[in-house]
Each structure stands twice: as C-alpha cells, then as structure tokens.
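Enquirer: Take a look at the letters that make up each chain.
2 protein chains.
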Amino acid sequence: MSDQAKKKIKFIDGGICAPAGFTASGENCGIRKNKSKNDIALIFSDVPGSCAAVYTTNQVKGAPLTVTKANIADGKAQAIICNSGNANTCNADGEYIARTMCELTGKALGISPKDVVVASTGVIGQPLHIEPIAAGIPELVKKLSKDGSAEAAAGIMTTDTYRKEVAVEFELGGKKCRIGGIAKGSGMIHPNMATMLVFITSDVAVTAEMLKKALSEDVKNTFNMLSIDGDTSTNDMAVVLANGCAGNALIDCDGPDFKTFMKALNTVTVWLCRNIAADGEGATKLLECIVTGARSKKQAQTVAKSVVCSSLLKAAMFGADANWGRVLCAIGYSGADVNVGTIAVAFKSAAGTVKVCENGAGIPFSEEEAKAVLSEKEIEILVDLGSGKVRSTAWGCDLTYDYVRINGDYRT
Amino acid sequence: MSDQAKKKIKFIDGGICAPAGFTASGENCGIRKNKSKNDIALIFSDVPGSCAAVYTTNQVKGAPLTVTKANIADGKAQAIICNSGNANTCNADGEYIARTMCELTGKALGISPKDVVVASTGVIGQPLHIEPIAAGIPELVKKLSKDGSAEAAAGIMTTDTYRKEVAVEFELGGKKCRIGGIAKGSGMIHPNMATMLVFITSDVAVTAEMLKKALSEDVKNTFNMLSIDGDTSTNDMAVVLANGCAGNALIDCDGPDFKTFMKALNTVTVWLCRNIAADGEGATKLLECIVTGARSKKQAQTVAKSVVCSSLLKAAMFGADANWGRVLCAIGYSGADVNVGTIAVAFKSAAGTVKVCENGAGIPFSEEEAKAVLSEKEIEILVDLGSGKVRSTAWGCDLTYDYVRINGDYRT
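Protein chains in written order, with the working numbering: chain A, 8 to 419; chain B, 8 to 419.
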C-alpha cells in the first residue's frame, strides 16, 4: 500500500457501528450459565444492504451456515444474529433452530427473515435450545444503539480474552465512508479457503457482486493466512454487509473506488487477523511469518503458513528459543518446492533483528541477543527464499501451557 | 491377520540382536555432555545382507540420508552407525561428516564404507564435530555383542523416556526366523510417505528387491499412520537389514513365505508405532483411531490420521474430556469426501466403550462413564464412516503441558 493510500485510511472508534446506518447490541440471554458473559449479538442496518460471505471448507458444517447461504443467495441482507456458547453443529434439529432464529429476529425487527444472517459458535454437538434466544431477541432489538459495537463484540466471544473490534474511515469521490468489523477467535482457528467468525459492516454503496469479489480476494491474503492450532472450524464464516448510507457513487465494477474500498477492507481484516492471532488460545506472543523472495504467491503462502503452523516452532517461540532448525524443517515439509540452499532466516521484534541462517545453513549468532528478540510480544519470522520477488505474510501464535489447559476441559 | 498366523509369530527377547548373525553396541562418545546418556549406536551383521530403506519427504534433508541412499543403492549393507544429540542437518559440511562416519566405521569393522548405513538425530543446524565420533567408533566395535540391543536402542534416543526394542520369531519352511527392531521417537514425528528413525534386523534370506517391497508396503499402514505433533522430520529413515543367517529358502518373489515375512515385519512395526506414540513428547496417553466402514483405504487413512493429528482433540484426550465434536470437526477438514450423516463415533479403553455420536449427531451418554473410559492410558477412538467396508488405524498421543515444556527449551 502506498503512503498516500495509507494516509487516506484512518482508524476511528465505533467498531461495527461506525458506518452510517448501523446499530448493534449484545447481552446474556441464558445460553451461558455465567450471566456476566454475553452470549448473543445483533447487528442491524436501517436499510437493506449488499451482503457477501465466505464459509468454512470443513465438510462438517454448522447448521447456521446452510441457512445463511440460502438467505443471502440474493446478495441482500439487513441484520446479523449470532450466539456464542453453542455451535449448533451436529444437532439433528440444527437447521430448524437456525431458521427459527432468523424468523424471530425478522419478526422483532419488522423485516423479512430472509434478510437475516445467522451464525453460532461454541461447543459442537450439544442441542441448542431456542427458548433463551426467543426470550432474548426482543430485548436485543430494544437495546440496538450506535454505541452497541462493544456489547455485540462481547456477544460472539468464546475463549477470547478481549473483544476484537475495529473501524476505519476513508473517502470515495469526496464522500466519507467507513468500514467496521468484529471477530471472534481463538481456538479451532485454521481457516481454509474461508475464515472464522467475522462480521464487517460498511456504509459504502457497492453491488453484492463487487462486494463478494472484494471479500473473496481479501481473505486469501488475510484470514486464510492465519492459524492458531491447525483445526479448521465447522462454523467459520466471514460476512460483509454494506448499506450504501455513505452516499458514494455505487461501486459496480473494478476501478479506483473499488481499489480504495479493497485497501480499506484489507486494513480492517489485517487488524482483525493480527488480533485474533495475538489472542489465540493460551497465546503469549503474536507470530508473523513474512516470506520474501518467493517465485510465486502460492509458494510464499504455503511456506509462510507452514511455519506459523508448526507445533514445535510455536513451542520454541513460547520458550524464546531461537531454534531456527524448526523453521527450516517446516519449510521443508510445507509441500512447496523450494531451493534449500538459498534460504535465509532471521527473527525480528521491537528488541532488534537476529540473522540465524543463510544459504540454508546456520550462521553464528548471539544466543543472548536472540533471547531478547524472542522475549517480545510480537515476533516476526523473516524467511527469504532467495528464488524470486513475491512475498506473503501469515499470522499465528505461540503454543503454551494455557492452550493445553483451556482445551483439556473446554466442555466441562 | 488370522489367528493361525498370529500364533506362528511370537514375541521374543533380544531386540535387534535376536536375529542370527547380528551384534550391536552403544555408548556415550561425548556428543552429549550428559555422560549418563548414550549418544551413538552400532549394529553389525557378520555377513553382508540385503538392505532397504525409506526416507523422509521433507525437502530439507539430513546429510546422512543422502550418504545412506548412495551407499545402499546396490541393495546391500552390513553395518548401521547412528548418533543422537545432533541431526547433522543444515550444516555446510554435513555430507563430509556423514561420509567420514561411514569410513571410520568401515575401517574399524574391516568392511567397505559403502556397506555402512549412517543416520543422525537431534538438534538441526548445529555443527557435528567428528572428533568424539572418531574416538568412539573403535570402542563401539570392541563392545559389539549379542546383548548389545539395549545399549544401541539407548544410543539413538532423543527425548524418548524409554527404549523401543522388540523382536519376533516365526518359521519359514521349517527354519526358525527372527526380526528385531529399535526406534527413536518422540517429537517432530509425522512421517509422510516415509518414517522416523527405525532400524530393523532380520536373519531371513530375502532379496533386496523383495525387502524393499515389504518395507514400502508396510510403512503405508504403520509409520505413515503415526503422528506425535504434525512436524515431519528432516531425518526420518527406516532401514531393514536382512542377512539370511536363518537358512530359509531365499525369498525372491511374492508367495506364502513373503506373506509370512510381511506379517512378522508388520508385528514388529506396529509394536514400534504404538510405543513411539505412547512415548510421544509429553504424552500421557496412546491414542489409536480405528476407522471402519470406509469406501477406500485412502478415505480410511485420511480420516484416521486427521483425527489423531488434531491439537484440540489431543488436548481434550489429555483432559479425559469426551469432546467428540472435535472428532467430527477433524473428519470434516481431513480432505476426505465423507457422508456426515452416516458417521458414528465411540471411545473405547480397558474401562469400557462409550458411544457418543450416531448418524452424524450426538446421542445421550454418561459423562461419568466417558471420563472413566478416557482416564485410561490407551484410548481407542472408533469412527465408523458407514460408507463401505475398508478400515485403517492411525496412532498418536495426547497434547500435554509437558510437550510445551520440552519444546519450549529443547536446545538450551
């Protein structure tokens, strides 16, 4: 992104309610026994908008995905309802429950149930009872407000330790436009040609077709390059809802406006990726593997993702151990065809940069310096394949005692 | 395997020295600073034998693999030298060091260096000095004995907590035959069309061609179905050396003798797989995923391996949590084309069997009973795909605090 383009996109407050015409709310409706944790969220646009989504490639799919797919087949939506605490997946009555969630939401908002996106996240294979949701929806509608982003972001959290919400502002043809987003992490995260739960709002006027194109292109370089634990969820979904309230000239084809929109969207999605990775289950460190010198995008992406997925490397990063052999090992088994003899590796953080490997072999480095670099909260693993000019970034986190603790008794 | 065939194959003592004509030894030569841990092993056959091997598919390959591949290109070998504590991988002088190890071993034994198999295991990317090895080899040769299997098995261990050695006895045409094996685990284990470090000896008379066929067929169902942490090592290698000292009629084609040999080999390799998995880094439990009702071997294997590789399921098994949704999730993202609606899942151990999922949806079960089943040391995860008659087994272990501890500071 050029400096000029970056300057034009600025972070603002308000999350998913920052775009004009959007309100949101969240609450505890009783799915979770712990009343201090929200378990349901509602996002509403004053007017119907263009809607696009990408879904998990896991063949075991949450029932809400099937219902959402059908509902937005016309490229249109006006509201998003999402519960946490239960994935509504592998339940015999799952689709009935998901459809009922849309009907109850549509009724309370006075819109068609077909304009409602539905999502669920939490434990797989436990019946989701409709009663608390039915009781909670009217309350959620009453609470809808321009200040509701934080409550909604809290409503979709599972093992996340903090809310992920972000918004940016930029201009299209002199009109102020905004994109906001919320996301939930933080385990079973290994999006594969799809993504985790992400809801993005925008007041940009854009056709459903171009919105779909923007999202599909973007996730290849963002959510699909993120992994917490290698487990591709059954309920992954990223939805963008754009209502046109900014009053810009409708984006209906490629061109400067579409490119600006994509840059702004990418600013939001990269922010969400970095924060999902940093707040991965049990994580103490954000890992960012930046591969350069690749022959192709595919080669760069395959290598970058393999490195952030290695359990051994993730554990070494937790221990601030510059065990770069594990980086080489992960490159070697990535499936990408590489020239081992030209690979260089370095670790970088706020504490400095340490080169550890050149031409595929180790070089002397200060263990003390390396320890300092790897003791920071954000670590860059720099891999130069020395074979071309293409680059790619993947995000992940360290593997810690707390990941084991959290997942040793997730249900109980 | 039929009961009759099973009866004919019996476990015996002696490990890799159980087959006639084999001796072995192990010692600490100074690669490891801790003198109480062996770091080098030698296996010797009185006469040259047929030799076959399979290697890692990791593109970053240990130097010893290149040298071994060249040495046994003629299908013949007489000795195996292997050090632990250093992988001799990603070192500029790696091949020179590996070749020198063969030369020193050949000289001390009075055989051609071309008849020596060389292997290394340990940290990647740290120079391997030849001095301690050069000093240790004559000592190793002196120590060679029929009781040397345990010392040799100890010499190839890294983070293993116990030695893996096994031997079986069976008959071919009235002649008593034996196969012995040793292996090292226990991290960076995710063999992929290859395997980890395994050395198998036999006194069977078999051509190099048929030995290669037996090993290649066998690893598909054994070592390739094993995963500790998803990381395919750079130094994986499985070698079989068969010297013909049993005096059986030479196996030079498929037939009853070859089938008996394959069954005996499989008994050894399955034993090694189960023990490598049970002693995975930090492991407290052996996981065995048995997939039945598959349409094809590939479908069965893909599903079984995906299940034992899931970090989330591995952590749940550590916590004795019957979170079967994670089994369904791992099946769904395995890449195998499955019919979710016909899948059944049960957990089984010495404490009993608990069915948790039928027709792709949860069924009521006793959490107390499930906890008891999952608190045992060996857990079977039974997956019936309900689509055919093919079955497959994969082996793995739970993900524990100790895996993180061990790998947080492996080098330091």
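To be clear, the hints were calculated from the coordinates, so they are not data collected in a lab. Be aware that one or more of the hints could be misleading.
A pair holds if it fits inside one copy or across any two, identical chains being indistinguishable in the list.
Unchecked claim - Calculated lysine to aspartate or glutamate pairs in the DMTMM-like style (CA-CA distance at most 20 Å, straight line):
id, residue 1, residue 2
1, K114, D20
2, K378, D416
3, K227, E138
4, K266, E383
5, K355, D416
6, K182, D416
From a predicted model like this one, the values you see are computed outputs, not experimental measurements.
Enquirer: To test your reading of the hints: which numbers does this structure violate?
Expert: 1, 3, 4, 6
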